[in-house]
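Build the full structure now, drawing on both the sequences and the hints.
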Amino acid sequence: MKKILLYAVGCVALCACIQAQTLQECKSERDKISGCVEKGYYENGNVSYEAPYENGKQHGVAKEYYENGKLASEIPYENGKLHGVVKQYYENGSLQAQVTYENGNIVSGVCGDGKEIPNIHGLEEQKDIIHKIFESCRE
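The opening position of the sequence shown corresponds to residue 46 in our numbering, with each subsequent residue numbered one higher.
Be a bit skeptical, because a hint or two may be false.
Claimed, not checked - In the BS3-like style, the derived pairs of lysine-lysine whose C-alpha atoms are separated by at most 25 Å in a straight line are:
no.: 1; residue 1: K102; residue 2: K160
no.: 2; residue 1: K102; residue 2: K126
no.: 3; residue 1: K115; residue 2: K84
no.: 4; residue 1: K72; residue 2: K102
no.: 5; residue 1: K72; residue 2: K84
no.: 6; residue 1: K126; residue 2: K72
no.: 7; residue 1: K84; residue 2: K102
As the list claims (entries may be wrong) - Label-pair ranges, simulated between beta-carbon atoms:
no.: 8; residue 1: Y86; residue 2: G149; range: 25 to 31 Å
no.: 9; residue 1: E70; residue 2: K115; range: 19 to 25 Å
no.: 10; residue 1: N113; residue 2: G149; range: 28 to 34 Å
no.: 11; residue 1: N91; residue 2: L140; range: 30 to 36 Å
no.: 12; residue 1: E70; residue 2: E180; range: 28 to 34 Å
no.: 13; residue 1: G159; residue 2: E74; range: 40 to 46 Å
no.: 14; residue 1: E88; residue 2: N124; range: 32 to 38 Å
no.: 15; residue 1: E136; residue 2: S181; range: 16 to 22 Å
In case anyone wonders, no lab produced these hints; they're calculated from the structure. Keep in mind it's a predicted model, so treat the numbers as computed, not measured. Built from N, CA and C at the ideal position, the CB exists for glycine as well.
So, in structure tokens, the structure goes:
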């Protein structure tokens, strides 16, 4: 059962990545209804984040980047809710932590070294909460 769930989450993430690559950049709030990718940029011109939208809600894998262009995090959304495995990376590319969500609710969390993140259940899907969780896995 676990393998099937992981396979399904992987397929959704893969499809979302492919979709995000084919969507045009959002130019207005109206674009978010038809589907687009919102992007933010650092002063040096590098992308700071990419967030795919569909039907006015985040849908697909949002990505955050370090200023040097390396991937900082992958955050899967389904119809505006966190859904799937959120991954946070160190600037050197190694995994810092991952937290699994189902319909906006935290299911589990693991640090990059495999240790379970304590007291994770019941936290809400707030961005600052996610970053606090990842901070508990700092090397």
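### Task
Any hints from earlier that this structure breaks? Give me their numbers in increasing order, please.
1 and 11
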